[in-house]
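A.B. asks: Sequence:
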Amino acid sequence: MSSETLLQVLQASAEFSSLYDGMRRGFAEQMVYGVAGSLKSAFLAALRERTGRPALVITATIQQAEQFREDLETWLPGQDVALFPPMEYLPFEVMAHSPEVIGQRLSVLERLARGESLIVVAPAAALYRGLTPSAVFRRSLLTLRPGQAIGRDELVARLVRQGYERVDMVESKGHVAVRGEIVDLFPLAAEYPLRVAFWGDEIEEIRRFDPATQRTVEQVDALSVGPAREFILPEDGLEPAIARIRRDLAETVARLRRIQVREAAARAGEARVEAAGAEAGGAADGEVGKGRAGRGRRRRKDVPSLPLDAVDAAQKLEERVEGHLARLQEQIYFPGLEQYATFFYDQLETLIDYFPERPLILVDEPARIRDASVEAEGREADRQAAMMERGHLLPGQLGLYIGYQELFQRCRQGSAIYFSALGRGIPGIRPANEVGLSATTVQEFHGQWPLFAEELRRWKKQGFRIVILVGTEDRQRRIRELLQEAEMESGAGAAGSPVAVPPPGGVWVGLGSLEGGFQWPGQRLVVVTDREIQGRQRRRRRGGVHGTAGATGRQGARIASYQDLQVGDYVVHATHGIGRYLGVRSETILGVTRDYLVIQYEGSDRLKIPTEQVDQIQKYIGAEGHEPRLNRLGGGEWAKVKSRVKESIREMAAELLRLAALRETLPGTAFPPDTPWQREFEDAFPYEETPDQLTAIAEIKADMEKARPMDRLLLGDVGYGKTEVALRAAFKAATAGKQVAILVPTTILAQQHYATCKSRMEGFPINLAVLNRFKSPKEQAEIIRGLAEGTIDVVIGTHRLLSDDVKFKDLGLLIVDEEQRFGVAHKERIKQLRANVDVLTLSATPIPRTLHMAMVGLRDMSIITTPPEDRYPVETFVAEYDDALVQDAIGRELSRGGQVFYVHNRIQTLDDVAARLHRLVPEARIAVAHGQMSEDRLEKIVLDFMDGEYDVLVATTIIENGIDMPQVNTIIVEDADHLGLSQLYQLRGRVGRSNRLAYAYFLYRRDKVLTEASEKRLRAIKDFTELGSGFKIAMRDLEIRGAGNILGPEQHGFIVSVGFDLYCQLLEEAVRELKGEPAPEPEIQPNIELQVDAFISDQYVPDARQKIDAYKRIIAIRSMADVEDVADELVDRFGSLPDPVKNLLDIARLRVHCNRLGITSIAQMRDRVTVKFLPSAARAVPFDRLALLNRRPEFRGRIETPRTRGGTSFTVKVGGLDARSLLRTLLLLLEQLHAEVAQTAAR
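Numbered as in our numbering, the sequence shown ends at 1279 without a single skipped number.
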């Protein structure tokens, strides 16, 4: 229909020519006013297409930057547009900091430093902080290639110097690990980690690997490695900078001490005046001596020579900076090092300096940027002054930031173009060229298609060229169908194709996401988006913006690390019960070395388990914080516990199967297939659905369209999109003429669900109501009457819905949110309600895949495991508690109009904490909430907080997890090291639910001596912050809670008593038995005792947890293909196989042959190896053929066959064979024997 693109139309306009000409003439500043919607991004795209120059877009906020980026990706398909987000730098020592934002920033810096011609979009706040000089950053970049000469240790030392953290196993960005001649590293700018294999001091090969499985994905020809930190130390010596820091420190400490002396003198004067008054009063009463004594005591006790907090400021500053200097001299990176950047470099640079050539610079709404910046600069100046006063900053550190005026000054060095909706002058900006566009926004039609069709006809009549852009192909197809019904022809563009423009009066429907449409009468051009048609825009999910899904194994690939055994962990042995793992011990007996796992049981009992039986051991996983009792070796207690659990599981599974069978026989409502309304309702969802959501929706609709009643469980973490799935089911039922009841556990959740339903179902003839305690008796009576008469289609309510006076005219669907939170009586009433209606139950706690698989056939379940990619990340800090840090964090959130959760988990001292916060932040309105309050009072406080009556909510961990509070974007958790990881995971999930950056501060109090347990917790929190194994442990614990929610509290108790994995195994066996399915054939467990060294040395796999994992992988081998797979993995991860490991794998091959041939043991006694068969298997063995094999040179008469018929074994003479040769001989023999057995069977 059209061969002209929208960018070509722009480039042909007089306005574009004026701008382009100004650029060619070198104008430092140009102003474009009268822009609307996405026309400004289209202009930048047209300039980029014409000039090919790199570009920088500066916006007022991160949200606008994100939207501008999406606009540019629509206008310039296939071109990479990078976001450079702002980052919080705390002037405090931070133990850990989440890596997502810094990874994104480093990726942009690295690509620019390598010369890429990028388009970068950044909010102004991301540009104010000075950066390491680009020349220094460029020199820090490294490109590695196979064949390159560089030593392993040299590479690792360089990486550590650049901020990489050395670990045992690389799971997160910024990690590096060394194993023999292999170095694993995960650059912050990379999507996947990489594995570098060395041969001496030369790189042999480079491979990309999956951090979830630790397996190679592909080989790569080259590897780009950038630093793991933005600040880089200079290469030419640190002494001058250290001397400057010491000078600044000495001056600052002296100044603070002078202030202290003055304050002390002032206080002493006040005290003397007060004491003199007291003495005079005492003399008047005739008690002179007493007065003097009183005065003397007061002077000694109450007037310190220096105020303690001021003493602390000088002392703390000195201690902190001296500690930093000691690490600097050792060239050790520490959190907060970048705060000293101004001492190392005379001139810091900005992002503009990193571009390989002078970029196009587009500044979006400069007046808005200026206003926000002036306010932010004022706050920052106040904050820095307070930090200086408290000894948290040195004067030399104040040059880290530039102001907006300096930023605009630097913009003029490029070709700066300012875009503004209004044509007003802006102080400090003197454009050499001004261009007016007179474009306007498009009115919104709020889903009213007839109104939109009418406007289209008017535009067509006036000769406008009409471009409609929508988010998905389904939506594109639907719009074109509607256009056809309205007798309007339209062209269409495929995904990834440029936005085309039809001839005058024509319509073109393309795919893309824009901030908004625009009308440009001067060009007879109109662009309309879904935002105008529907009243909301369907946005693409921001996959990979703040982290890469692939890189963190989100899709449930094998993750071993969170089940890795560590010394001291509890374990479950299938036969002996619960013990404590003490580690792996190597023992040499009769010259043969083997590894054994040592398990401690009750008392002094210890059990040594050969590593070939490691599959008998499972890590004990019960409820978080629960410490199980150790069993006694040889006692009958464990057998009784297992028996009780088995019986209980069997009863539960039988009941679930009975209910499932009963459901098949009950009459229900078969809902009709989807209608056009349903499609319209679903199209209006403002985000792209995740694959899990789509699967769950399809499963639920399929159930609803069957004649039997649905009873489906929908599982997924908070914010994973369960509500939208439930709303689609509710809409389907309501439009089919049935009533829907949505039952929730709290009044607040009822209000929230009601608001969501109202906003989503607006414009459709569906009557909604909410029934809870906040409704007056009169309102409640009206709603109850409406339900009985059928005038209300969808009702959302608390347990008030379960009252006897509530009757439905025609209930078709019951949606229950978090059923486990209702009481016993309420659950009974829910059971009555659900008799013949479709039921959808929602639960926010996830469950593990193992339990899901075990329950197949017991309950219909849909699981949403894909996390949302459309939220901004929660920037997470782990730090020592500091009043100044708390004051800073709360003040910063309040200054941007947000709210704060402050978690303190002791009810007795909550009011003290609130009082302390009031002293620190007097302007904050603070409320206190905890679980011992009455329900009414708690709900009122939370609702008032949600309504903005308070700024800070000081609470225990009771903060409602299901409640959506998008305005709360900072959470501070005191004594975080005393909380469990899953609690921290859920607490962190309570912020970051809006389209702005959120912050979580996990604070701990530094003990004089940290206990081992405390240190372990802090390490786990740090790991959790970086989405390492701590994060996976948190998820695992949440999943177990989810299992308790689904199976009930009694079963949760049984999970705790035998451990999660054994519970799942017993459940699977019970289900199979009840369904009458045959049990799998028991595997032969051959006993192989050969006098060969078969173990994994500490030199080959230094980390004990990875060693256990390797043993588990070897024990799980069931085929020759498995052997090759494990061998490949070991070589891939740890390097060439040493002989003892080759022996282990050969023994695994022998086990495979044993299972094929029915061999029960291969045992060596002195110089003979006896191979013994099951009697049933021995009958199939052609022992006479062994005599023929014995003549072959490779066996040289070593085989001795049974002399009588019916024999079940044969022997092999060992004489003259070393360990490797013996194993090769046995493998060859069993291979030949297997072939002979197969031939005999075939005959």
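Everything labelled a hint here was simulated from the structure, so no lab data went into it.
A quick note: this is a predicted structure, and the numbers were derived from the prediction, not measured.
One thing to keep in mind: the hints can contain errors.
[As the list claims (entries may be wrong)] Listed next, the in silico SDA-like pairs over lysine to any residue satisfying Cα-Cα at most 25 angstroms (straight line):
hint : residue 1 : residue 2
1    : Lys742    : Lys682
2    : Lys682    : Gly1089
3    : Lys742    : Pro722
4    : Lys863    : Gln968
5    : Lys1249   : Pro1211
6    : Lys678    : Arg699
7    : Lys1058   : Glu366
8    : Lys863    : Leu692
9    : Lys845    : Arg748
10   : Lys678    : Glu1104
11   : Lys1178   : Gly541
12   : Lys1208   : Glu1165
13   : Lys496    : Gly541
14   : Lys811    : Gly541
15   : Lys655    : Ala248
16   : Lys845    : Ala880
17   : Lys794    : Leu838
18   : Lys1058   : Gly1089
19   : Lys676    : Asn941
20   : Lys1178   : Pro646
21   : Lys976    : Leu838
22   : Lys1208   : Asp1161
23   : Lys976    : Gln1003
24   : Lys863    : Gln816
25   : Lys1178   : Glu1165
26   : Lys867    : Gly822
27   : Lys1148   : Ile645
28   : Lys867    : Gly773
29   : Lys742    : Gly755
30   : Lys352    : Ala920
31   : Lys496    : Asn469
32   : Lys682    : Ala248
33   : Lys1058   : Asn941
34   : Lys1208   : Leu1126
35   : Lys1058   : Gly1025
36   : Lys863    : Asp896
A.B. asks: Run every hint past the structure and note whether it holds.
C.D. replies: These are the hints, each one checked on the structure:
Proposed proximity of Lys742 and Lys682 is contradicted: the alpha carbons are some 35 angstroms apart, above 25 angstroms. Under the criterion of a C-alpha separation no larger than 25 angstroms, the hint pairing Lys682 with Gly1089 is consistent with the structure, at around 13 angstroms. The suggested pairing of Lys742 with Pro722 is violated, with an alpha-carbon distance near 29 angstroms, which exceeds 25 angstroms. The hinted pair formed by Lys863 and Gln968 meets the criterion: a straight-line CA distance of about 24 angstroms does not exceed 25 angstroms.
Between Lys1249 and Pro1211, the direct Cα distance comes to roughly 23 angstroms. Compliance with the 25 angstroms bound is thereby established for this hinted pair. For the hint linking Lys678 to Arg699, the alpha-carbon distance of about 31 angstroms lies beyond 25 angstroms, and the restraint is violated. Restraint check: the Cα-Cα separation between Lys1058 and Glu366 comes to about 24 angstroms, which is no more than 25 angstroms; the hinted pair holds. Simply put, Lys863 and Leu692 have alpha-carbon atoms about 16 angstroms apart, close enough for the 25 angstroms limit, and the pair holds.
Proposed proximity of Lys845 and Arg748 is supported: the alpha carbons are some 23 angstroms apart, at most 25 angstroms. The straight-line distance between the Cα atoms of Lys678 and Glu1104 is roughly 14 angstroms, inside the 25 angstroms bound, and the hint therefore holds. Taking the CA atoms of Lys1178 and Gly541, the gap is about 76 angstroms. The hint is violated against a cut of 25 angstroms. With a C-alpha separation of about 32 angstroms, the suggested pairing of Lys1208 with Glu1165 is violated against the 25 angstroms cut-off.
A distance of roughly 4 angstroms separates the Cα atoms of Lys496 and Gly541; the hinted pair therefore holds under the 25 angstroms criterion. Proximity of Lys811 to Gly541 is assessed by CA-CA distance (about 54 angstroms); at most 25 angstroms being required, the pair is judged violated. Among the hinted pairs, Lys655 with Ala248 is consistent with the structure: their alpha-carbon atoms are about 19 angstroms apart, no more than 25 angstroms. With a CA separation close to 31 angstroms, the supplied pair Lys845 and Ala880 exceeds the 25 angstroms bound.
A C-alpha spacing of about 22 angstroms is found between Lys794 and Leu838, which places the hinted pair at or below 25 angstroms, so the restraint holds. Proximity of Lys1058 to Gly1089 is assessed by CA-CA distance (about 30 angstroms); at most 25 angstroms being required, the pair is judged violated. With a C-alpha separation of about 38 angstroms, the suggested pairing of Lys676 with Asn941 is violated against the 25 angstroms cut-off. A distance of roughly 17 angstroms separates the Cα atoms of Lys1178 and Pro646; the hinted pair therefore holds under the 25 angstroms criterion.
A hinted pair counts as satisfied when its Cα atoms are at most 25 angstroms apart, and Lys976 with Leu838 qualifies at roughly 23 angstroms. Note on Lys1208 and Asp1161: the hinted pairing is violated, with a Cα-Cα distance of about 28 angstroms set against a maximum of 25 angstroms. The straight-line distance between the Cα atoms of Lys976 and Gln1003 is roughly 18 angstroms, inside the 25 angstroms bound, and the hint therefore holds. This hinted pair checks out: Lys863 and Gln816 have alpha carbons roughly 22 angstroms apart, not beyond 25 angstroms.
For the proposed pair Lys1178 and Glu1165, the alpha carbon gap of about 13 angstroms is at most 25 angstroms, so the pair holds. At most 25 angstroms may separate the alpha-carbon atoms for a hinted pair to count; Lys867 and Gly822 meet this at roughly 23 angstroms. For the hint linking Lys1148 to Ile645, the alpha-carbon distance of about 13 angstroms falls within 25 angstroms, and the restraint holds. Of the supplied pair hints, the one linking Lys867 and Gly773 holds, its CA atoms being roughly 23 angstroms apart against a limit of 25 angstroms.
Between Lys742 and Gly755 the CA atoms are separated by roughly 29 angstroms; this puts the pair beyond 25 angstroms, and the hint is violated. Our distance criterion of 25 angstroms between C-alpha atoms is met by Lys352 and Ala920, whose separation comes to about 13 angstroms. For the suggested pair Lys496 and Asn469, the alpha carbons sit about 34 angstroms apart, so the restraint of at most 25 angstroms is broken. In summary, the hint linking Lys682 to Ala248 is not supported, as the alpha carbons are separated by about 33 angstroms, beyond the 25 angstroms threshold.
For the suggested pair Lys1058 and Asn941, the alpha carbons sit about 20 angstroms apart, so the restraint of at most 25 angstroms is met. Taking the CA atoms of Lys1208 and Leu1126, the gap is about 14 angstroms. The hint holds against a cut of 25 angstroms. Distance restraint check for Lys1058 and Gly1025: the Cα-Cα separation of roughly 16 angstroms lies within the 25 angstroms cut-off, and the hinted pair is therefore satisfied. Note on Lys863 and Asp896: the hinted pairing holds, with a Cα-Cα distance of about 19 angstroms set against a maximum of 25 angstroms.
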